[in-house]
Amino acid sequence: MGEVRRAVSQFIGLIQCGLGGVASVFAYLVYASPSIRDALSVTPNEVYLYMFLLLVFGMFSILSGLLLIREEDSWD
Amino acid sequence: MEEKSLKRELGLLQATMMGMGGAISAGVFVTLGYAATLAGTVLIIAMILCGIINLFSMLSYAELGAAIPSAGGEYTFAKASFGGFLSFATGWFEWISNMFYASLSAVGFAYLISYIIPTINVPLTAVVTVAIFTLINIKGVKETGLTQTILVIILLALLGIFISWGVLTSQGVGTLEIKAPEGFLGVLRASAFIFVIYLGGEAIAVAQAEIKDPGKTIPRAILLSTLALIFIYATIAYVVFKIVPSKTLAGQASPLAYVAEQFMGPLGVGIITIAGIIAALSSVNTSIMAHSRVSYALARDGYFPKNFFNLGERFQTPFIAIFVGSVFTAAFAATGVVNFVAYAADFGFIIGFVFVNLSLIKLRRDKPDLHRPFRVPLYPLTPILGIIASLFLIIFLEPSTLLIGIGLFIFSLIAYCIRMVGHYRFCLAFGGMNFGISAFSAIIAYLIISNTLPIALSEVTRLLFFGVAVFVSITYFIAGLLDIIRKRDEK
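Chains as they are written, first to last, in my numbering: chain A, 1 to 76; chain B, 1001 to 1491.
Heads up, some of the hints might be wrong.
[To be verified] Derived, one-sided and incomplete: chain A residues facing chain B with beta-carbon distance under 8 Å:
id : residue
1  : Val8
2  : Ile12
3  : Ile15
4  : Leu19
5  : Tyr28
6  : Phe52
7  : Leu55
8  : Phe60
9  : Ser64
10 : Leu67
[As the list claims (entries may be wrong)] Some chain B residues well away from chain A (every beta-carbon gap over 12 Å; in silico):
id : residue
11 : Val1030
12 : Leu1135
13 : Ile1150
14 : Ile1154
15 : Gly1160
16 : Thr1175
17 : Arg1189
18 : Lys1212
19 : Leu1223
20 : Leu1224
21 : Phe1263
22 : Ile1274
23 : Phe1309
24 : Gly1312
25 : Lys1362
[What the hints assert, rightly or not] Taking beta-carbon pairs under 8 Å as the criterion, some of the chain A residues facing chain B (in silico):
id : residue
26 : Ser9
27 : Gln16
28 : Tyr48
29 : Val56
30 : Met59
31 : Leu63
32 : Leu68
Note that these hints are calculated values from the structure, not bench results.
All figures in this text were calculated on a predicted structure; none of them were measured in a lab.
For glycine and all other residues, C-beta sits at the position ideal for the given N, C-alpha and C.
Okay, chain A solo, but in the shape it has when bound:
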């Protein structure tokens, strides 16, 4: 059971890290790409807010993912 849980934990951790990375890249795209901003109807005043939210989400996801990947030993 422990092995299954460990595998699931690592899998979910990897997905969270990936989502965090994607969110960070998306934050950069919102900053750098006018077409992305147009598609999402982001006004210039809101750019930094979106970037901030995406970066916080991205950082949290990466940390949470790393926690699941790295700390599995503590279950046993």
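Starting from the structure of chain A, add chain B where the hints point.
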């Protein structure tokens, strides 16, 4: 507190060059134009005033650096005076700021090279530059100091040619009549804008564990570099206004190169461009050394992974701290997001100034018997003025800088919690946040599919976003479950 293993190999000359090289970056080559349009010829006085304001904080660095000559600079001072989260946050800001500053300088260098060789790839050049200076820093502090000394001496020689030629020439259509086009407020805004050219000189304090005879050398190096910077910047501004009217500087990409061209011809442009390139390189070198010593000190006190505290057997340098920080630096440089990086670096350095001045006041109260080879004159006026000036600068920074600063502060809080809070409780907290994100994503998914989200999206985009929201919701729900069902492993 003494770093037994780091080698004390930097003398007064290398330490002074470290401070000057850290401060004279590409900034002075580009900021003068806009500042001149705000403050006119009063900019010369504003530059001297900024230098004096900088001196208030540098005096605090000198006293604390001589009294506590351990690696880490601002972080070490905050640790000795406040400890806990405040010291960690100071170290965190300094670590990140120096990485940002190194990447900013590397990108600046690559842009300057691209003026000479237009076909080069700017991000790649910036990354290669970071890699080269990373190797130099790993090789040894002696090599780092020697490289820095050579670079800054060449830089000073080039700036010396510009200044002396400009002072002696009879050419020039500028005026030195005291005039501020946008009044006193314009002068204040210009002062806040150009203050960044003094930032970076505190690198001496970060490398203080490797400076010989720290009690004497650190204060001397800090004061020498600070006073030399005031003289150099003020005379550069003098030459600029002597040669051209302040209005003509508006919109110039490289105001110094433009001025040099007016009285030196193409040779002047070449001299200033090479000077800019060298300034950027010396800033990269100093910043890599600075960020590695801060993370080394953070690891020494258990805030960062222990590996950062390892010294290479052969070169006696914190090679892991240098390498990891440089990987981040190269990544920032590769993105080329210069504005973001510049704002973040400024904010971090200014916060560092505030904490150093606060540390000085606290240590004077708490540890009056601490051996202080150098004492700040006019205490407590000097550090208080340093704090006020730093807060004034924060007020005048771009609003986005504050937002970035708040973001960095939140990251520092998270990082601190990771190290200090018990692992099981920390996992529970993360589990709760994962559930929160899961619920929030589920609501977003519902709003998207019911078409009640106040954003006009195409059908394909709507379905894509719905799928992503559902996926995030499920993933974070499972992550939350995994976090809260793990066994308690309290140490």
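Hints, verified against the model:
1. Val8: 7 Å, holds
2. Ile12: Holds - the Cβ of Ile12/A comes within 8 Å of chain B, reaching about 5 Å at its closest.
3. Ile15: At 5 Å from the nearest chain B Cβ, Ile15/A passes the 8 Å test, so the hint holds.
4. Leu19: 7 Å, holds
5. Tyr28: 6 Å, holds
6. Phe52: 6 Å, holds
7. Leu55: 6 Å, holds
8. Phe60: 7 Å, holds
9. Ser64: 5 Å, holds
10. Leu67: At 6 Å from the nearest chain B Cβ, Leu67/A passes the 8 Å test, so the hint holds.
11. Val1030: 21 Å, holds
12. Leu1135: 28 Å, holds
13. Ile1150: At about 36 Å from chain A, Ile1150/B clears the 12 Å cut-off, so the statement holds.
14. Ile1154: 35 Å, holds
15. Gly1160: 40 Å, holds
16. Thr1175: Check passes; 38 Å lies beyond 12 Å.
17. Arg1189: 21 Å, holds
18. Lys1212: Answer for Lys1212/B: holds, closest chain A Cβ roughly 41 Å.
19. Leu1223: 39 Å, holds
20. Leu1224: 40 Å, holds
21. Phe1263: Its Cβ never comes within 12 Å of chain A, the nearest being 39 Å, so this holds.
22. Ile1274: 31 Å, holds
23. Phe1309: At roughly 20 Å from the nearest Cβ of chain A, Phe1309/B sits farther out than 12 Å, so the non-interface label holds.
24. Gly1312: 26 Å, holds
25. Lys1362: 31 Å, holds
26. Ser9: Check passed: Cβ of Ser9/A comes within 5 Å of chain B, closer than 8 Å.
27. Gln16: 6 Å, holds
28. Tyr48: The hint holds - Tyr48/A has a Cβ within 8 Å of chain B, the shortest such distance being about 5 Å.
29. Val56: Because about 7 Å separates Val56/A from the closest Cβ in chain B, which is inside the 8 Å limit, the hint holds.
30. Met59: At 6 Å from the nearest chain B Cβ, Met59/A passes the 8 Å test, so the hint holds.
31. Leu63: 7 Å, holds
32. Leu68: 6 Å, holds
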